[in-house]
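Put together the whole structure using the sequences plus the hints.
For what it's worth, our numbering labels the leading residue of the sequence shown as 2, then goes sequentially.
A couple of the hints might just be wrong.
Between beta-carbon pairs, the in silico distance windows are [as the list claims (entries may be wrong)]:
(1) 116 - 21: 39 to 45 Å
(2) 73 - 49: 33 to 39 Å
(3) 21 - 115: 33 to 39 Å
By construction, these hints were calculated from the structure, which means they are not laboratory data.
Every residue gets a Cβ at the ideal spot worked out from N, C-alpha and C, and that includes glycine.
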Amino acid sequence: MPLTAIWIASALIALIAEFYSGTFYLLVVAVAMLCGGVSAWLGAPEASQYVIASIAGVAGVALVYGYKRRHPPLPAQPRADDPDLGQPVQILHAPASGHARVQYRGAAWDAAPVDGAPLETGATAYIVGRDGNLLKISSTQPEQ
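Structural data, given as structure tokens:
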């Protein structure tokens, strides 16, 4: 098998792996291998192919790293259109660990207080946010 085909096949494997992982780094590896394949197709010596692929890989990783540093992911914002915000919940069980069990919409939910106020069984609290299925509750009703 010619070296060009090995480079191209390796680039395709890295590209397919990138589709499954969703990282840009495997895309950089695929492009670097493609650069090695193009240099092999153009007739460069084998050592030069490795150097070209390595330089392309290092440059690509540096570009992706720099881009990610300049564009950090946005913090999760509570959804303003969430119909659960401000709704009252009944505290079913409030252990000292901080997490409580509350009754809301006919089901028991896990909840965590956000204001640090002690929770009492049977009291009413209000939903001020959510983290997945964990309700964030407060002892005071939020402004609407």
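Evaluation of the provided hints:
no., hint, in the structure
1, 116 - 21: 39 to 45 Å, "holds (43 Å)"
2, 73 - 49: 33 to 39 Å, "holds (38 Å)"
3, 21 - 115: 33 to 39 Å, "holds (37 Å)"
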